[in-house]
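Asker: Sequence:
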Amino acid sequence: MPTTDSNHKFHKILIADDSSTERLNLTRVLETAGYQVIQVHSGNEAKQSVEQYNPDLIMLDIIMDDGDGYQACRALKRNPVTQNIPILMVSSKSNPVDRQWAEKLGANGYITKPYSDHEVLSAIANLEQRA
Numbered sequence: 001m002p003t004t005d006s007n008h009k010f011h012k013i014l015i016a017d018d019s020s021t022e023r024l025n026l027t028r029v030l031e032t033a034g035y036q037v038i039q040v041h042s043g044n045e046a047k048q049s050v051e052q053y054n055p056d057l058i059m060l061d062i063i064m065d066d067g068d069g070y071q072a073c074r075a076l077k078r079n080p081v082t083q084n085i086p087i088l089m090v091s092s093k094s095n096p097v098d099r100q101w102a103e104k105l106g107a108n109g110y111i112t113k114p115y116s117d118h119e120v121l122s123a124i125a126n127l128e129q130r131a
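If you read the sequence shown in full-length UniProt numbering, its first letter stands for residue 1, the second for the next number, and so on.
Hint data in this document are derived by calculation from the structure and do not stem from the laboratory. Check each hint, because a few of them may be wrong.
[To be verified] Ranges between beta-carbon positions, derived for each pair: (1) Lys-9 to Thr-32: 15 to 23 Å; (2) His-11 to Asn-95: 30 to 38 Å; (3) Arg-28 to Arg-78: 19 to 27 Å; (4) Pro-80 to Lys-104: 17 to 25 Å; (5) Asn-7 to Asp-66: 32 to 40 Å; (6) Thr-112 to Gln-52: 27 to 35 Å; (7) Arg-28 to Lys-104: 29 to 37 Å.
[As the list claims (entries may be wrong)] Taking lysine to aspartate or glutamate and the DMTMM-like style, the derived pairs with C-alpha atoms no more than 20 Å apart in a straight line are: (8) Lys-12 to Asp-56; (9) Lys-47 to Asp-68; (10) Lys-93 to Glu-51; (11) Lys-93 to Asp-56; (12) Lys-9 to Asp-98; (13) Lys-77 to Glu-51; (14) Lys-77 to Glu-103; (15) Lys-9 to Glu-22; (16) Lys-9 to Asp-117; (17) Lys-104 to Asp-117; (18) Lys-113 to Glu-22; (19) Lys-9 to Glu-31; (20) Lys-93 to Asp-66; (21) Lys-12 to Glu-51.
Glycine is no exception: its CB is placed at the ideal position from the N, C-alpha and C atoms.
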């Protein structure tokens with residue numbers, strides 16, 4: 001397991017995506033960069049896991065089997081315990097309306113699939129600077 005980079009403000013990242021391929025790809029990128037990663041397969045599982053794992057950042061896919069990341073984002077931002085945890089939406093939806101909707105629900109960032117490792121790490125670094 002990689003050591004945590006002391007330059008990171010975020011150390012623990014929760015990934016919620018129903019695609020095991022996407023979760024594994026993001027985990028590879030993030031662990032290589034020194035982050036600790038928790039993987040879950042749904043928005044509901046993300047909502048249930050946040051208090052247990054206390055992540056510094058949540059990465060949510062928008063389209064998942066149990067609903068969507070929008071619903072999870074809204075619920076997390078309405079919960080006083082989790083409302084201050086930054087959320088980075090990750091989606092194949094590239095329409096500007098989708099990005100605007102995510103922001104309206106409280107998402108702090110948005111990246112579209114397919115993405116490069118650099119795009120993922122840059123989006124996280126941007127959120128770390130704003131934290």
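Asker: Any hints this thing doesn't respect? Which numbers, in order?
Answerer: Hints 3, 10, 11, 12, 15 and 17 are the ones this structure does not satisfy, whereas the remaining hints hold.
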